[in-house]
Amino acid sequence: MLPVVRERSGQGRHAHSTGGRGAEVIRGISAEDRFVLGCLRGYLGDLRRVECGGLNWAEVERKIEAQRVGGAVFQGLQRVGAASSVPTALIGRLQADYYKTAGRVLEMTEEARRVLRAFQERGIEAILLKGMFLANQVYDTPGVRPMGDVDLLVRERHLPNAESIMLRLGYKQVREVMPE
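Everything in the sequence shown is counted per my numbering, starting at 4 for the first residue and increasing by one.
No wet-lab data here; the hints were simulated from the structure. Just so you know, not all the hints are guaranteed correct.
[Claimed, not checked] Here are the simulated lysine-lysine pairs, DSS-like style, with alpha carbons at most 25 Å apart: (1) Lys66 / Lys175; (2) Lys133 / Lys175; (3) Lys66 / Lys103; (4) Lys133 / Lys103.
Given the structure is predicted, the values throughout are model-derived calculations rather than measurements.
Please take these sequences and the hints and turn them into a complete structure.
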């Protein structure tokens, strides 16, 4: 169970485990934050109603962009049936973000497969790390996990061959990666 941060008068912020059946009270955060969290819960399958009334939509959008969760918020709104309560322009941007992210992840996944096949053909084992691993193993749809690169882990003894393969595949070395 994830902790929920709440305010206690005179005591600052404290982590509070929600316990029970997930019924939680979140105090000390804005309505815009509660909206974003509700959408993210919706993405994760918690289909409780998301409160959309009286929100500062520019602030909602700023928070979504700052956390890079546009795709997940879009999916959450779809799943809880609240998309029609959100300004059309914002839904359009969230949807565009979702599809842009999905396209990028799919392109990067195909490119990672190409590199991994080339490594495998030459007996080099590699492990996907971080974003690419998460995008393909944890998230149920590619449009919710933005990423900018693919992180691969190879054994130190395979680094020279891996570098050579990457160069042959058209990659350029931007900084030294060999250990000292």
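Results for each hint:
no.: 1; hint: Lys66 / Lys175; result: 35 Å, violated
no.: 2; hint: Lys133 / Lys175; result: 22 Å, holds
no.: 3; hint: Lys66 / Lys103; result: 19 Å, holds
no.: 4; hint: Lys133 / Lys103; result: 20 Å, holds
Checked against the numbered hints above, the structure breaks only hint 1 and satisfies the rest.
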